[in-house]
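Let the sequences and hints guide you as you build the complete structure.
Protein sequences, first through last, are from chains A and B. When we follow this note's numbering, the leftmost residue of the first sequence carries the number 1, and every step to the right adds one. When we follow this note's numbering, the leftmost residue of the second sequence carries the number 1, and every step to the right adds one.
The hints are simulated quantities; they were obtained by calculation from the structure and are not laboratory data. Be aware that one or more of the hints could be misleading.
Claimed, not checked - Away from chain A, derived, C-beta distances all over 10 Å, residues of chain B:
(1) Ser58
(2) Pro66
(3) Leu87
(4) Gly94
(5) Asp122
(6) Arg193
To be verified - Away from chain B, derived, C-beta distances all over 10 Å, residues of chain A:
(7) Gln28
(8) Lys30
(9) Lys38
(10) Leu58
(11) Thr82
(12) Asp87
(13) Leu105
(14) Ala108
(15) Leu111
(16) Gln115
(17) Thr124
(18) Phe151
(19) Glu191
Claimed, not checked - Between beta-carbon pairs, the in silico distance windows are:
(20) Trp194(B) - Gln97(A): 27 to 37 Å
(21) Gly174(B) - Glu130(A): 44 to 54 Å
(22) Arg145(A) - Pro79(B): 26 to 36 Å
The C-beta atom is built at its ideal place from N, Cα and C for all residues, glycine as well.
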Amino acid sequence: MSTALTTLASKRPQAGADLLRIVRINEQIKRVVGVSFKINIMALNAIFLAKRAGTAALGFGVLSNELRVFSQDLRNCMDALTGLIHDCVNEVSVVLQDTRQTRLLEQAAGLAPAQPALIRVLHTREQAGEEHAQRLSSLRRQLKRALEDAFQMVELGGVLAKSAKIEAAYGQSFAPALAQVSGEFDGIVEEIRSSLETLRRSAFVAGN
Amino acid sequence: MKTTKTIFQDGSHKWIAIVRDPAKPNFLVDTNEYLVTHGDQALVLDPGGAEIFPAVFSALSAEFDPSALSGIFASHQDPDICSSLALWLEFNPGMKCYVSWLWGGFIPHFGGNADTFVAIPDEGMDISLGGLILRAVPAHYLHSSGNFNLYDKVAKILFSGDVGAALLPPGMDGLFVENFDAHIRHAEGFHRRWMGSNEAKRRWCERVSQMEIDLLCPQHGAIYQGNDVQRFINWFDELQVGIAGA
Chain A
1 MSTALTTLAS KRPQAGADLL RIVRINEQIK RVVGVSFKIN IMALNAIFLA KRAGTAALGF
61 GVLSNELRVF SQDLRNCMDA LTGLIHDCVN EVSVVLQDTR QTRLLEQAAG LAPAQPALIR
121 VLHTREQAGE EHAQRLSSLR RQLKRALEDA FQMVELGGVL AKSAKIEAAY GQSFAPALAQ
181 VSGEFDGIVE EIRSSLETLR RSAFVAGN
Chain B
1 MKTTKTIFQD GSHKWIAIVR DPAKPNFLVD TNEYLVTHGD QALVLDPGGA EIFPAVFSAL
61 SAEFDPSALS GIFASHQDPD ICSSLALWLE FNPGMKCYVS WLWGGFIPHF GGNADTFVAI
121 PDEGMDISLG GLILRAVPAH YLHSSGNFNL YDKVAKILFS GDVGAALLPP GMDGLFVENF
181 DAHIRHAEGF HRRWMGSNEA KRRWCERVSQ MEIDLLCPQH GAIYQGNDVQ RFINWFDELQ
241 VGIAGA
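Structure representation (structure tokens):
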């Protein structure tokens with residue numbers, strides 16, 4: 001088998017595994033999008049609660065507003081990630097289709113080894129395969145960067161949730177209700193952090 | 001690998017049957033492909049499914065330069081007919097695919113672009129192959145609703161697609177029908193179930209009875225030759241089709 005054929009053959013299981021990984025990443029992103037929507041609703045409720053608490057929950061009210069902005073930013077960030085994932089799925093699907101066709105052409109080459117037209121076609125396919133690999137590699141890098149951005153955002157969300165917990169303590173008669181809401185914020189931010197951590201560890205993003 | 005058998009030759013005008021791959025997995029239905037050459041041009045008839053492409057390609061390339069193929073004739077839209085289309089187009093992206101207009105929007109799912117397809121009207125059409133005129137003969141509903149056979153008046157050969165097809169048991173792998181009565185038993189169930197219209201069948205029998213046919217070449221099974229051609233047409237004419245067991 002020529003170098004070109006060996007290279008093409010070695011890409012076969014990779015594309016299928018990548019597609020599976022991307023599908024899993026997409027499911028994880030959908031989860032984060034759902035959770036960030038939940039934060040938005042919670043922040044809205046917290047804003048109403050802070051209004052009712054009046055001057056005793058001024059700080060909590062400011063933080064609730066920030067958490068609401070955070071949830072919107074997080075959703076935008078997840079939209080960007082979803083777009084990148086869509087491009088990755090598209091690219092890997094093309095590679096999968098090419099892989100099947102290349103497998104059949106390679107089998108033909110095994111049966112008719114000296115066919116110049118076939119050697120030419122396989123060479124063209126190898127070049128196209130390299131272009132796909134480069135595009136996928138670029139998408140993978142973009143995905144990694146977008147995930148890091150999301151992580152930084154979640155760090156901020158974590159700080160906001162913890163500050164809200166502190167502010168809740170000053171809420172006088174509203175303190176237990178505010179503490180419950182800020183505790184839920186914190187729990188959800190941790191859930192998002194854990195999801196992003198899983199995404200970061202994904203073999204597709206890590207480039208394994 | 002499939003083998004090639006020249007079933008007609010007059011100078012550069014040839015009909016080559018590409019048949020019987022011993023390495024083919026049993027779960028794939030066996031198919032016959034045909035190559036018609038004339039001068040420096042060639043048309044491949046029902047080139048087959050993607051999974052059997054390597055076997056067909058290697059056999060065909062022993063006879064003809066695959067990058068010089070002028071076109072593909074697809075009798076209908078089934079995957080065992082031309083799901084290998086994209087692979088053949090790799091060798092000559094300008095190659096034409098002749099297929100019923102009915103499948104114009106369906107076959108491109110196998111490959112090709114807007115320039116690839118030549119839509120055959122319901123009444124059929126002439127296809128020129130380096131000056132040789134081949135006739136796309138209507139065989140609608142036998143079994144596909146947009147279905148064509150290909151007739152070569154000079155060679156007196158009718159490529160009949162699924163008409164005449166037989167699913168032969170192991171051991172019965174001769175290229176030509178040797179014992180009509182024994183052979184036709186393996187064609188009966190197929191025709192009763194797959195051919196959907198008695199009216200269409202009657203019209204086909206009338207149409208092809210008026211043609212001079214030395215060889216009737218189906219896409220599955222053995223080729224009918226000589227008196228077996230008319231014997232098959234008479235048998236088919238009397239057969240009640242469009243019948244399912246349930």
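Evaluation of the provided hints:
The Cβ of Ser58(B) sits about 3 Å from the closest Cβ of chain A, inside the 10 Å cut-off, so the non-interface label is violated. Pro66(B), annotated as away from the interface, has a beta carbon of chain A within 10 Å; the closest lies near 6 Å. Not every beta carbon of chain A lies more than 10 Å from that of Leu87(B), the smallest distance being close to 6 Å; the non-interface claim is violated. With a cut of 10 Å on Cβ distances, Gly94(B) stays outside the contact zone with chain A, its closest approach being about 14 Å.
With a minimum CB-CB distance of about 33 Å to chain A, Asp122(B) clears the 10 Å threshold, and the non-interface call stands. Distance check on Arg193(B): its Cβ is at least 30 Å (rounded) from any Cβ of chain A, clearing the 10 Å threshold; non-interface status holds. For Gln28(A), the condition that its CB be more than 10 Å from all CB atoms of chain B holds, with the nearest at approximately 32 Å. No beta-carbon of chain B comes within 10 Å of the beta-carbon of Lys30(A); the shortest separation is about 29 Å.
Against the 10 Å criterion, Lys38(A) stays outside the reach of chain B, whose nearest CB is about 41 Å from its own CB. With a cut of 10 Å on Cβ distances, Leu58(A) stays outside the contact zone with chain B, its closest approach being about 63 Å. Every C-beta of chain B lies more than 10 Å from that of Thr82(A), the closest at about 27 Å, which supports listing it as non-interface. Taking the minimum C-beta to C-beta distance to chain B, about 23 Å, the non-interface status of Asp87(A) holds against the 10 Å cut.
Here Leu105(A) does not stay apart from chain B, with its beta-carbon only about 7 Å from theirs, under the 10 Å limit. For Ala108(A), the non-interface assignment is contradicted: its Cβ lies about 4 Å from the closest Cβ of chain B, within the 10 Å cut-off. Not every CB of chain B is more than 10 Å from the CB of Leu111(A) (nearest about 3 Å), against its label as outside the interface. For Gln115(A), the non-interface assignment is contradicted: its Cβ lies about 5 Å from the closest Cβ of chain B, within the 10 Å cut-off.
Once the 10 Å rule is applied to beta carbons, Thr124(A) is inconsistent with being away from chain B; the minimum gap is 8 Å. At roughly 42 Å from the closest C-beta of chain B, the C-beta of Phe151(A) stays outside 10 Å, upholding its exclusion from the interface. Distance check for Glu191(A) against chain B: the nearest CB is about 42 Å away, which clears 10 Å, and the non-interface claim stands. Look at Trp194(B) against Gln97(A): about 30 Å separates their beta carbons, and that is inside 27 to 37 Å.
Taken as a hint, the range 44 to 54 Å holds for the pair Gly174(B) and Glu130(A), whose Cβ atoms sit roughly 48 Å apart. Between Arg145(A) and Pro79(B) the beta carbons are some 42 Å apart, a value that contradicts the proposed interval 26 to 36 Å.
Of the numbered hints listed earlier, those contradicted by the structure are 1, 2, 3, 13, 14, 15, 16, 17, 22.
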